[in-house]
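Q: For what it's worth, my numbering labels the leading residue of the sequence shown as 1373, then goes sequentially.
Incorrect hints may appear among the rest.
[What the hints assert, rightly or not] Pairs of lysine-lysine residues, derived as DSSO-like cross-links and limited to a Cα-Cα distance of at most 27 Å, are as follows:
1) K1506 x K1381
2) K1712 x K1694
3) K1561 x K1410
4) K1763 x K1747
5) K1712 x K1763
6) K1561 x K1412
7) K1603 x K1410
8) K1561 x K1439
9) K1771 x K1694
10) K1603 x K1412
11) K1412 x K1439
12) K1763 x K1700
Hints were generated in silico from the structure; no laboratory data involved.
Since we're looking at a predicted model, the values are computed, not measured.
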Amino acid sequence: MTYENTIEKIHSLLTFGSRPGLDRVLQLLDRMGNPQDKLKYIHVAGTNGKGSTCAMLSSMLVAAGYKTGLFISPYITDFRERIQINNCMISESELADAVEATFPFVEQLSREGVVITEFEYVNALQFYIHSNAKCDIVVLETGMGGLLDCTNVIKPPLCSVITTIGLDHTAILGDTIEEITLQKCGIMKSGSIAVTSAQESEAMRIIERIAIKRKIPLAKSASIQLDNIRKTLSGNSFEYNDAKINLHLSGEHQIENCRTALAAIEILRVNDIISITDEQIATGLSRAENPARMELLSENPVVILDGAHNPNGINALCSAIKEFLNDKKIICIMGMLADKDIDSSLALLKGYLNTIYTVPINNPRALSSDALAEKCRNLFDDVTSFDNAEKAFDTAFEKAQQDDSAVIICGSLYLAGEIRPYIKANIDKKENVYD
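Use the sequences and the hints to build the structure in full.
A: In structure tokens form, the structure reads like this:
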């Protein structure tokens, strides 16, 4: 099977959408020999910060010598970003071989009336790949929610991590913080330990109550002391236990994500579940990467790619604009999925953006560029709808060169994945490279 055929097979399941529940994936995993039962996990749920927290956790574990699996979603430019071992994508041939070995089970179940979605299959696939690779620990990111997310078929993990909780996927998870928190806390299992980021008071009360009820030791990110914090557009630096750390992830929110990841590492270290030195922690954090999260792609003019797509993420973006770009006009290239809280996100951006270029996203859930532009015009004066993101970027980049504006691309990780290769390829040609 060629790599192209492999990807086509996987994406053929996209037509079945996304459906919460564990029954289907359990049937699939049973036919695959239940590879999920052969691994140890750090399970991560939350509304924002999951991907960055997972990246930091994985990087620290790799630095400590653990063979570490990583499962994240969505990918930015290459499907194989979703399934990594020791922070490296699996090879095309490894993915093709794994699909060739396991996709027949999907087809068998389909003939029996059990339809597997793409996310369910990819999740089962990563269990299969990581099990065959005999990973020591897998850092496992939920797709949506927690309780009924198909990653939640695992036995009690080494540690459950709850990152920042906010309103997102409300049609499925519920439209209150309480409902969403209860779903996220579904990954917290008796016999495990748990860590939480800073939360709204209502979310924190629920997390604490569930931890007590299930007799789960709970650590908080607030327990982590970072000293001499210095924040720049290209990242954050600080000291932890006297070790100097350069984190190549920018924004105040990444400091909180880092505290959360460190709280998980520390509770695992204190309980003698893992062995890791302060030097290995520093090395791991300094190597952590997560593209399209406040990613600085050019310094002159400033070009930032950020996957912010809900009010929590937009709030973090606004904080970064205020802190680092307060003296610049902002040109924003924006595309969003129709099922996101677009109105609230736009309201938060009012006062921060001078020009908005709306663009389409190649996703069936996307809001059209024209429809997004109409929403933007209710709050902003200078709004233009483009029929493709590349043309919008070229226009924005040229304008930014002329008047020293900053260009920010935001609204969706899917948009980030589409436009990032184009920007990376063309920044060099425009002789304004930042690497």
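Q: Between the alpha carbons of K1603 and K1412, is the straight-line distance 27 Å or under?
A: Cα-Cα ~35 Å, so violated.
Q: Given the proposed pairing of K1763 with K1700, does the C-alpha separation stay at or below 27 Å?
A: holds, 22 Å
Q: Can you confirm whether the C-alpha distance between K1603 and K1410 stays at or below 27 Å?
A: Violated: K1603 and K1410 sit about 41 Å apart, past 27 Å.
Q: Given the hint that K1561 pairs with K1439, does the C-alpha gap stay at or below 27 Å?
A: Distance of about 24 Å is within 27 Å: holds.
Q: When you check the alpha-carbon spacing of K1412 and K1439, does it fall within 27 Å?
A: holds, 11 Å
Q: Is the Cα-Cα distance between K1506 and K1381 27 Å or less?
A: Satisfied, since the Cα-Cα distance of roughly 26 Å is no more than 27 Å.
Q: Under the criterion that the straight-line Cα-Cα distance not exceed 27 Å, is the pair K1712, K1763 satisfied?
A: holds, 24 Å
Q: Are the Cα atoms of K1771 and K1694 separated by 27 Å or less?
A: holds, 21 Å
Q: Taking 27 Å as the top limit, are the C-alpha atoms of K1712 and K1694 close enough?
A: Holds, at about 24 Å.
Q: Decide if the proposed pair is consistent with the structure: K1763 and K1747, CA atoms, cutoff 27 Å inclusive.
A: holds, 21 Å
Q: Does K1412 lie within 27 Å of K1561 when you go C-alpha to C-alpha?
A: Between K1561 and K1412 the Cα gap is close to 14 Å, so the pair holds against 27 Å.
Q: K1561 and K1410 were given as a pair; does the straight-line alpha-carbon distance stay at or below 27 Å?
A: holds, 18 Å
Checked against the numbered hints listed earlier, the structure breaks hints 7 and 10; every other hint is satisfied.
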